[in-house]
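Novice: Taking the hints into account, I'd like the entire structure generated from these sequences.
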Amino acid sequence: MKSLTIALNTFREAIRDRILYSLLVFALAMIGGSVILSKISVGGEAKIIKDLGLAAIGLVGMLIAVFIGVGLVHKEIERRTLYTIITKPIRRADFVLGKFLGLALTLAVNVAVMGAALLLLASAMEARLTWELLLPVTLIFIKLMVVTAIAVLFSTFSTPTLSAIFTLALVVVGSLAEDLKLFAATFGGPVLQTVVVALYLVLPNLASLDVGSAVVHGRPVPAAAAGLAAGYGFAYVAAILAGAVWIFQYRDFQ
Amino acid sequence: MVAIQTENLTKDYRAGFWRRRVRVLHDLNLEVQAGEVFGFLGPNGAGKTTTLKLLTGLIHPTTGSATVLGEPAGSVRVKARIGFLPENPSFYDYLTGAEYLDYCGALVGLPRVLRRERVRALLEQVGLSGRGALQLRKYSKGMLQRIGLAQALLNEPAIIFLDEPMSGLDPIGRKEVRDLILRLREQGRTVFFSTHIIPDVEVVCDRVGIILGGRLAAVGRVEELLASPLEQIEVTASGLSPEAAEALAARSVVPPVRGGYRILVAVKGEEGLGEILRAVLHAGGRVHSVIPHRRTLEEVFLDRIREEKR
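Chains as they are written, first to last, in numbering that gives the first Met the number 0: chain A, 0 to 253; chain B, 0 to 309.
No wet-lab data here; the hints were simulated from the structure.
Because the structure is a prediction, the values reported are computed rather than measured.
Check the hints yourself; a few may be wrong.
[Stated by the list, open to error] Some chain B residues well away from chain A (every beta-carbon gap over 10 Å; in silico):
no., residue
1, ARG19
2, ASP26
3, CYS103
4, GLY126
5, ASP169
[As the list claims (entries may be wrong)] Within a straight-line C-alpha distance of at most 30 Å, the following computed BS3-like cross-link-like pairs (lysine-lysine) qualify:
no., chain 1, residue 1, chain 2, residue 2
6, B, LYS174, A, LYS74
7, B, LYS137, A, LYS74
8, B, LYS174, B, LYS137
9, A, LYS1, B, LYS137
10, B, LYS140, B, LYS174
11, A, LYS1, A, LYS74
C-beta: ideal position from N, C-alpha, C; glycine also.
Specialist: Here you go:
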C-alpha cells in the first residue's frame, strides 16, 4: 500500500519533468515521419511504418527506463530527499518497489500513448484494425520492465553514470544472449560451453521479448512462446528487484 | 519511562580510496526519559548527526544497539511514533508545500479525509499559511526548515528528533523553533535535538549531552553542568573607610579592584555574599551592584574541548 503511494509520487515527478515530453514528442515524430519514408519506398508501406514505429517505442521506452531509472534511488540519496521519507513508517523494500512501480507506470502510460499512435496510423494505412501490433507492444513493455528493474538495482548502490553504462551493457549483451549460446555451441569446448550457459541463464534474455519483426512480416508467433517470454520477463524483474531490495536494506545513508 | 536508550552504540564509516575504517562514534551510552527535552551539543563533526541517523534507522550501528520506545531503532513500529527533521533538509522541489505534506501524511498512514485539515493546521502552526500552494523549489531556506518541522509533526509523534533545527534561521525563526520545542514538551512529547548553538540549549533543555570527537564528554541537567566551584558573585561597594575597605578586600576571592571611591570584590556562594553585604552596610557603605558570575554552558563546552585536545 505504501509502495503504491511512493509509486504515485514517482509518477508525478516524471510527468512534471519536461524531458519526458521531449522524448514522447520525439517518438511521435518518428512514428509520424515513417509515413514519409513509406511513401518513397516501393511496396510494403505499412510494414515500414510498423517496423519503424515499434523501433521508436522500444528506443524511447529504453531511454526513459535507463535515464530515469538510474537516478531513481541514487538521486534521492544524493539530494537527501530520502531522509524524511525513509524515516516514515515504511519498510525500505516499500521504497524500492514504489520507485520501480512509479517508473513502470510512467512507462506504461508512454508506451500506451505511442502504441495507440502507431496502431491508429498503421490501421489507417491498411484500412483495417492492425490489432496484431498489440502483442509486440506488450512485450516491449515487459522488456522495458526488465531494463527498469536492472537500472533500479544499479541505482541502489552506484552513481547514475556508472549505472547507465552497466545497464546499457547488460541490455546489449542480453539482446545477444541467443547468439552467445549459439556461438559456444558451435565453436567452444566443454569449459567455454559451461561458462556461456551459466551466462545465458544469468543475463536478461531480451531477444525472446522481441517479436516485432516476426509480427510485421506476418510470421506466426505461438501463444505459448509469447506467454513463456512474458513469464520469463516477469520472473526476471522479480529476481532483480529482490536483489535491489536486499542491497538497499543494508545500505547506510550517510 | 525510557524513551531513548543506547548501549555501546558505535559507528565506523569507510573513507577514502582504500575504504579505511574511521570510527565516528565511540561506545555511546545514553538514556533519555519520556517527556524530556534533550539537547545534544557538540561542534561540527563530533558525531551528532551520526547519532541521530542511528536513532532514526538511516544507518546501521557497527556494534552496540539503539532502542527507541522499547523497540529497535529504525523499525516500522518505532518510525510510526517518531518525527525527524534532518539537518539542512531537502525535499522534492517539484511538489508544492501542501502536496509534500499530503504525501508524507499518506506515508504515515493518515486517511485522506484527515490529511487536508492536518496539513492546513500544520502549515499554520509553522507560519506557512498561504504558502502551501507554492512549489518547494521557490521556498527560502527558512521556509524549507518550517516545512521540515511540519512533516516531522504530521503523525503527532511521541519523540521528535531534530538535527540542528535552528540552523539557517533568523533570530525570529530561532525563537519560534524554541517556542515550538517548549510547546512540544508541554504536550508531553520527548524532544531530542542536536545543536552547536549553546544559548538555544540553555533556554529549552531539561538535560544536555556534550559530544566531542565521537565520544560523550558530559551529560547532565543544564543546572548541573552550569554549576561549578568557580561560581562567583561580584559586589561593588562605595563610601567605605580605608580600614573597612581593607577588611572587605581581605574577604575577596580574587584581587579586589579599586577605582576612586569604589571597590569591587568577589565572593563564593551565597553565604559569602551575606557576610559581605552585612559588612558593607555595617561600615556605612553603599552597595552598587551584585553580579552573580555563573559559568555558562559555553565555558563548560569550551573547557571540555580544551581537555579533549590535551
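Novice: Does the claim that ASP169(B) lies off the interface hold, with its Cβ farther than 10 Å from every Cβ of chain A?
Specialist: Holds, since 23 Å exceeds 10 Å.
Novice: Holds or violated: LYS1(A) with LYS74(A), Cα cutoff 30 Å?
Specialist: Distance of about 20 Å is within 30 Å: holds.
Novice: Need the status of pair LYS140(B), LYS174(B): alpha-carbon distance at most 30 Å?
Specialist: With a Cα-Cα distance of about 16 Å, the restraint between LYS140(B) and LYS174(B) holds, given a limit of 30 Å.
Novice: Does LYS174(B) pair with LYS137(B) here, judged by a C-alpha cut-off of 30 Å?
Specialist: Given that 30 Å is the threshold and the Cα spacing comes to 24 Å, the pair holds.
Novice: The output says GLY126(B) does not contact chain A. Does that hold with a beta carbon cutoff of 10 Å?
Specialist: holds, 19 Å
Novice: Just checking, ASP26(B) versus chain A, shortest CB gap more than 10 Å?
Specialist: holds, 19 Å
Novice: Should the label of CYS103(B) as a non-interface residue stand, given a Cβ cut-off of 10 Å to chain A?
Specialist: Check fails; 6 Å does not lie beyond 10 Å.
Novice: What's the verdict on LYS1(A) and LYS137(B), does the C-alpha distance respect the 30 Å limit or exceed it?
Specialist: Since the Cα atoms of LYS1(A) and LYS137(B) sit roughly 28 Å apart, the hinted pair holds (cutoff 30 Å).
Novice: Decide if the proposed pair is consistent with the structure: LYS137(B) and LYS74(A), CA atoms, cutoff 30 Å inclusive.
Specialist: holds, 20 Å
Novice: Check whether the Cα positions of LYS174(B) and LYS74(A) lie no farther apart than 30 Å.
Specialist: violated, 34 Å
Novice: Using Cβ atoms and 10 Å as the threshold, tell me whether ARG19(B) really stays out of contact range of chain A.
Specialist: holds, 15 Å
Against the hints set out earlier in the document, violations occur for numbers 3 and 6.
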